[in-house]
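**Q** Knowing the structure of chain B, use the given hints to seat chains Y and L on it.
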Amino acid sequence: MNDTAISIRDVTRSYGKTPVLDRLDLTVKAGSIYGFLGRNGSGKTTTIKLLAGLGRPESGEIAVLGRDPWAFTAEDRQGVGYLSEKQNLPPLMKVRSLLAFCSRLYPQWDRELCEGLISRFQVPVNKRVSALSMGNQRLVGIILALAPRPAVVLLDEPAANLDPVARREFLDEVLDLIREGERTVFFSTHILSDVERVADEVGILAQGKLRVSESLDSLKETVKRVRFYGFPGNAPEPPPQAFGWRVRNGEALGTLKLAHPGEPAALAAAWKCQYEIIDLSLEDIFVDIARN
Amino acid sequence: MFIALHPSSGVPLYLQLLNQLKERIASGQVKPGEQLPSVRELSADLKINPLTVAKVYQILEREGLVETRRGMGTFVAQKVETLPVAARRQALDPAVRQLVAEAIHLRLSEAEVVELIARHFQQLHPRNSSNQP
Amino acid sequence: MKTPSQFWTLFRFHAFASPWIWVMPLALGFQGFLGMTRFYGDLDSALIFFNQLSWIPLILAAMIFLPEFFLGGYWTTAQTQQQVQTFGADFILTRAVDRSCVFRVRGAIFWCMIGAAVVCWIAVAAFKPAFTLELSSRSGAAQNAAYYLQHLPGGFVEKTAQNGDVTIKVPYGNLQLKLLMGAVAVSVSSVWLIFLPLISRLPHRRWIYGGIFIVGVFGLSFLPILGRSPLEPALVLGLGNLSLVGAVALILAVGGQLLAERLLKPVEFM
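Residue numbers (this note's numbering), protein chains in the order written: chain B, 3 to 294; chain Y, 36 to 168; chain L, 158 to 427.
Just chain B, with the same shape it has in the complex:
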């Protein structure tokens, strides 16, 4: 296997006349946990559906494990687990029979893992899917996606409707999966603390384009909020690397993407002012990037 699990090249896709993805480029390394962020309607679900082979891009190329998802065979699909954003599981089936049905489609279905997940998530398997809470239905969907031990797992908002304990259990499970070797998890979420805990790469989608795609550590290290103060005259215009720039009472507050750590000092020297660097959480970074 090569070391790229997912590659999206120059992909454009729209719904009717509404453009959703605009020449999107995205690469996910094999073995990483990729947190896919974006506001509602930014195209996250569209991207994941394209990766799952439910549709085709209007232009551009997509490869998951080196194959075009639209042309996936049953064998290709064994390597790709998918959890949809909507809770579309057969509602009148008992959880047990639903699991049995899916296990027959996957030769490498891991019975032990499946049972382990059931007891860990405490899912009532003898009830019909429709009788479960939304959270438990979500967990069933997650079990269905993880139990065949796929090389790539696509999860669209897996943590929606999960209570904090279940969410933590789920994240642990994802980490366990990764720890075993060359597996890739690609998940979208609005819960940024989950991303911060487990993801090593993050992508932020806005207006159909990927604004940021890099390791979480380097994102936190290079995107900083800097407060400049004590200008000799008026506050200067925002530098080109600023995501946001506010000026008030002779102070300027900007979120900057730093090419090197000495940049704020250099800017301050040029403007003959002083500065203060403020660390940003992923949520701060996300809000500043997605808003602009």
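Keep in mind that the hints were calculated from the coordinates and are not lab data.
Where a beta carbon is used, it is the ideal one built from N, C-alpha and C, also for glycine.
Some clues are possibly wrong.
Said to hold, decoys possible - Sample of chain B residues facing chain L (criterion: CB under 8 Å; computed from the structure):
#1 80
#2 90
#3 274
To be verified - Below, simulated DSS-like cross-link-like pairs (lysine-lysine); rule was C-alpha separation at most 30 Å, straight line:
#4 Y:57 - B:259
#5 L:422 - B:88
#6 B:31 - Y:66
**A** Relative to the frame of chain B, chains Y and L by itself:
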């Protein structure tokens, strides 16, 4: 090993882990020659991405704080190879800057700050504080 | 993985995962018990049982093949919602299955249901295979009798009353009627099977689908009010050429399924 991490803080997770491990090694809570938990164990224990732990171990190894013995694991280095003074100073600079800013804010004098620092040296690293001013 | 086992796993899933797909075939099969064996003046009233054939296969095809495209919307009930969730592509097409296999399985289920209904009609009719047609002298019995005797295979004049009324008996008429009904059901089903994927990408697909349903339920039922139904001669003609109609139906079924599979291949489920 109990380590408290705060994923939502602005400090990258790996840096939090790195700093805490460095502190434990510096203060002798983990002795030279002692084995550190494996990447798998520590990541399972802390419930974080194994790549983060691996990255921290790599940095520690590069800085000479730990050594990896093939097939055996990661151990705290016997003799701590130190970086050049200039590099070490630079690494500490931002923390000191913040400390001083805070001290000015609280109207503490330089002497008082130095005294506080000395006390912490005493607590964390008793052997060195007396003979290395 | 071998395709046959995938086929049967999927077949079992489609047959048992949602009980709602059985409602329509049961309604269709039930028609067999409602047949009549005595007609007055013409065979128009037999057409009442043909009306359902236009819309029941339509709903069944939508439920089985493309539920998320046609069900739901304004008239969503819990049942249609459950049907959409069970057969929705979001779940089944993202499991380890071949897309073509899923649609082949759906075709198999669909044709099993239509086929079971047809078999049910014929089996019930076998117990009462004949029908009689009474022609009144007031509306030209002799002329009409000649027309019916020419077209209805096996028909003969059972008796001629003194006032000129003619009673025609067709010994296997009821059975032939049900066979024709089966052939029409199969042909109509094939048409819907091709039609649904074709309109699935139109923004007004739900209106078209709903429109056909309403015309099927009400429009055809009111045809007899207009007097002599324009479809009655077609019925007689069909009864006269049963083997031809049957052959056309079979060709349509096979061709319809194959064409439907081809049309469903590029359908996106976004």
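**Q** Against the earlier hints, flag every one the structure doesn't satisfy and list their numbers going up.
**A** The structure breaks hints 3, 6; every other hint is satisfied.
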